[in-house]
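Enquirer: The primary structure of each chain is shown beneath.
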Amino acid sequence: MSFPWAAQYTPTNPFMKWMDDRLPLPRLVFNSVGAGYPVPRNLNYFWNFGVLSGLALVIQIVTGIILAMHYAANSEIAFASVEHIMRDVNSGWLMRYLHANGASFFFIVVYIHIFRGLYYGSYKAPREMVWLLGLVIFLLMMATGFMGYVLPWGQMSFWGAQVITGLFAAIPVVGETIQQWLLGGFAPDNAALNRFFSLHYLLPFVIAGVIILHIWALHLPGSSNPTGIDVKGPQDTIPFHPYYTAKDGFGAGVFLILLAIMVFFAPNYLGHADNYIEANPLSTPAHIVPEWYFWPFYAILRAFTVDILFMPAKLLGVLAMFASILLLFFLPWLDKSPVRSGKFRPQFKIWFWVLIADVAVLGYCGGAPAEEPYVMISQLASMYYFAHFLIILPLISRTERPLPMPNSITEAVLGKDHDAAQPATAE
Amino acid sequence: MVRIIGFLVGLGFVGVLGYSLIIGAIAYMTEEEPGPTAYDYHHHAREISFASDGPLGRFDRQQLQRGFQVYREVCAACHSLEYVAFRNLTDLGFTEAEVDAIADQWPIQVPTVNEDTGEDTTRNAIASDHFPHVYANEVAGRAANNNAYPPDLSLMTKAREEGAAYVYSLLAGYEDPPADLPEEFQPGTGLYFNPYFANLNLAMPPPLSDGQVSYADGTEATVENMAEDVTAFLIWTAEPKMEDRKNLGLIVLIFLIFATTLAFLAYKNVWRDQKH
Chain A
1 MSFPWAAQYT PTNPFMKWMD DRLPLPRLVF NSVGAGYPVP RNLNYFWNFG
51 VLSGLALVIQ IVTGIILAMH YAANSEIAFA SVEHIMRDVN SGWLMRYLHA
101 NGASFFFIVV YIHIFRGLYY GSYKAPREMV WLLGLVIFLL MMATGFMGYV
151 LPWGQMSFWG AQVITGLFAA IPVVGETIQQ WLLGGFAPDN AALNRFFSLH
201 YLLPFVIAGV IILHIWALHL PGSSNPTGID VKGPQDTIPF HPYYTAKDGF
251 GAGVFLILLA IMVFFAPNYL GHADNYIEAN PLSTPAHIVP EWYFWPFYAI
301 LRAFTVDILF MPAKLLGVLA MFASILLLFF LPWLDKSPVR SGKFRPQFKI
351 WFWVLIADVA VLGYCGGAPA EEPYVMISQL ASMYYFAHFL IILPLISRTE
401 RPLPMPNSIT EAVLGKDHDA AQPATAE
Chain B
1 MVRIIGFLVG LGFVGVLGYS LIIGAIAYMT EEEPGPTAYD YHHHAREISF
51 ASDGPLGRFD RQQLQRGFQV YREVCAACHS LEYVAFRNLT DLGFTEAEVD
101 AIADQWPIQV PTVNEDTGED TTRNAIASDH FPHVYANEVA GRAANNNAYP
151 PDLSLMTKAR EEGAAYVYSL LAGYEDPPAD LPEEFQPGTG LYFNPYFANL
201 NLAMPPPLSD GQVSYADGTE ATVENMAEDV TAFLIWTAEP KMEDRKNLGL
251 IVLIFLIFAT TLAFLAYKNV WRDQKH
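First to last, the sequence lines map onto chains A and B.
Going by my numbering, the first residue of the first sequence is number 1, and it counts up by one from there.
Going by my numbering, the first residue of the second sequence is number 1, and it counts up by one from there.
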């Protein structure tokens with residue numbers, strides 16, 4: 001794989017030579033994230049977010065394994081065991097706050113990573129498989145995040161589990177049976193908590209596996225770049241190490257600073273007060289809301305308020321919520337524009353920023369109580385969300401006239417005249 | 001093919017949403033102006049600051065001890081503190097001997113088993129015990145309190161919107177119902193009007209009155225002072241590791257800013273000869 005001019009791994013140390021003949025693991029690392037992986041030279045800071053997502057997963061797995069040593073997945077004592085971690089376990093508060101805020105940061109960097117892919121057309125040929133595997137990772141993350149939020153067994157844990165598994169009850173005929181099968185009972189209880197804990201521990205490792213496939217699929221065509229133009233020769237690329245490892249090191253530092261600010265100085269800002277009340281099946285909170293990273297989808301779910309023919313509003317909402325993610329799987333075939341980068345697509349660029357604003361509005365409405373005017377705003381914003389991907393993008397990919405593009409990445413970086421006296425401005 | 005199906009699905013969702021929007025908008029415009037709701041008489045929490053606020057905020061131990069005194073002499077009659085242990089009180093500046101005495105003299109005993117007969121019995125609390133439950137169970141708590149179970153206070157300042165400011169406002173905010181309060185929001189039997197409580201009326205009688213405790217350090221025991229002190233104490237019970245967290249946070253941030261600066265310089269150094 002990769003480009004013919006990629007550096008070859010040539011071990012000089014006798015042990016590494018011996019190793020390379022028997023288990024070429026160092027060679028794999030060298031070719032994947034080392035000097036043997038040529039990368040376009042013009043990547044901007046948005047290309048840091050893949051590595052940052054990986055870093056976030058590592059933080060979650062490490063803190064999560066430590067938390068699991070002290071947590072008790074039993075509905076009688078789960079809430080108390082979390083308080084035991086917060087009060088009596090050495091640095092337990094640090095592990096828990098890192099894990100809770102780390103989940104939010106994982107979603108933040110993944111959302112930026114996804115929107116970067118949307119803007120620069122990273123989902124287009126020949127990288128469709130990278131995009132599809134990324135969406136699988138996103139779905140696994142959502143399942144993991146949801147089940148993790150249930151584990152502290154607070155009020156929002158319990159009622160969130162009730163509402164989310166209740167979505168399956170909207171399926172005609174078999175819905176309630178499916179919900180009971182998922183929960184192992186008629187309502188969230190010890191059986192549900194235990195299986196959620198088991199799956200919450202399992203899925204991150206499944207995510208890690210799919211990430212390997214995601215990177216494997218990426219390394220066949222190589223990374224895309226902000227111009228969206230294919231790599232034409234060695235002058236367009238530089239080795240991943242040391243160039244992008246150095247840049248990712250800086251990005252990781254900024255990421256950790258922001259995470260530390262939240263963990264140490266506002267650890268409960270992204271949480272919900274009700275989750276510090278132990279789960280109580282007899283007392284329903286005034287507003288049941290999921291974690292902030294589900295709010296846009298929650299707004300779509302609640303935007304459907306009217307029964308249509310034999311379809312109850314709840315079923316329509318559930319279908320729309322799942323469709324809002326599933327349609328992304330078809331994106332490479334919905335957007336047929338041959339130009340990848342939004343930089344050279346004047347119409348696409350406008351609609352892209354409308355989409356960003358739209359998702360932000362959906363997020364705000366999803367966190368707000370289900371009353372007017374939020375419901376009407378969610379309905380408008382949901383209409384745009386579906387129209388954007390299913391109607392607008394296919395249409396503009398036919399009608400749009402792209403801007404003139406540079407002939408190569410090098411030309412885009414150095415300018416047409418290749419004037420060495422004029423230092424290229426760093427972007 | 002994908003695009004045709006997508007187009008139809010898109011039109012379908014947009015159509016259903018548009019239809020829902022129109023129906024919702026008509027209902028919104030034609031529906032009568034709703035009468036006053038409890039929310040119209042509800043107040044947001046008062047502004048109040050504590051020594052523990054902000055990244056550099058630390059607990060005022062003198063205040064925590066006064067707050068603990070209010071808890072012990074007033075709140076503890078009904079409210080438990082189940083996630084806090086007596087040994088934790090050393091964080092408030094009490095010596096171990098003082099903590100032992102507090103535990104030993106705590107009015108509620110701790111359940112145990114008679115070592116000779118195996119029968120259930122009780123003993124005095126010791127420092128390693130958590131604060132004992134006030135009631136044997138929730139039913140007993142409800143029976144003793146007009147069917148309103150006094151909640152545990154360990155996490156109270158983290159378990160309510162507006163946090164500590166809410167707790168303070170509720171404790172110091174009892175007042176007579178306003179003259180224009182509609183009949184349906186008037187406090188019923190055994191309920192007390194408090195505009196900071198979401199339902200306006202709560203079952204807890206005003207717990208504090210001026211001079212209810214006598215502070216050893218000469219602080220005047222006004223309702224506001226006692227409410228503030230006990231709220232400060234409850235900030236500590238909810239987040240006993242707050243000082244460790246903020247201290248470590250400053251060190252971690254200084255390290256990370258230093259390391260990130262180095263990483264940035266390394267990045268610029270590695271790239272110095274590359275156009276990009």
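It is worth saying that the hints were derived from the structure and are not from the lab.
We put the CB at the ideal spot given by N, CA and C, even for glycine.
Hints may contain errors.
What the hints assert, rightly or not - In silico EDC-like pairs for lysine to aspartate or glutamate, Cα to Cα no more than 16 Å straight-line:
hint, chain 1, residue 1, chain 2, residue 2
1, A, Lys232, A, Glu83
2, A, Lys336, A, Glu128
3, B, Lys275, A, Glu176
4, B, Lys158, A, Glu400
5, B, Lys241, A, Glu83
6, A, Lys314, A, Glu176
7, B, Lys241, B, Asp53
8, A, Lys343, A, Asp230
9, A, Lys349, A, Glu411
10, A, Lys343, A, Asp307
11, B, Lys241, A, Asp88
12, B, Lys246, B, Asp53
As the list claims (entries may be wrong) - Stretch by stretch, here's where chain B covers chain A in the computed footprint (C-beta under 8 Å, at least three residues):
hint, stretch
13, 204–214
14, 236–243
15, 260–274
16, 369–377
Enquirer: Give a verdict on every hint.
Expert: Results for each hint:
1. Lys232/A - Glu83/A: 58 Å, violated
2. Lys336/A - Glu128/A: 12 Å, holds
3. Lys275/B - Glu176/A: Distance of about 61 Å is beyond 16 Å: violated.
4. Lys158/B - Glu400/A: Violated, because 53 Å separates the two Cα atoms, which is more than 16 Å.
5. Lys241/B - Glu83/A: 12 Å, holds
6. Lys314/A - Glu176/A: 13 Å, holds
7. Lys241/B - Asp53/B: Satisfied, since the Cα-Cα distance of roughly 14 Å is no more than 16 Å.
8. Lys343/A - Asp230/A: 15 Å, holds
9. Lys349/A - Glu411/A: 23 Å, violated
10. Lys343/A - Asp307/A: 42 Å, violated
11. Lys241/B - Asp88/A: Distance ~10 Å between Lys241/B and Asp88/A Cα, so the pair holds.
12. Lys246/B - Asp53/B: It holds: about 11 Å lies between the C-alpha atoms, which stays within 16 Å.
13. 204–214: violated (count 0)
14. 236–243: It holds, with 3 qualifying residues against the three required.
15. 260–274: It holds: at least three residues are needed, and the stretch 260–274 of chain A offers 9 whose Cβ sits within less than 8 Å of chain B.
16. 369–377: holds (count 4)
Violated hints for the displayed structure, listed by number in ascending order: 1, 3, 4, 9, 10, 13.
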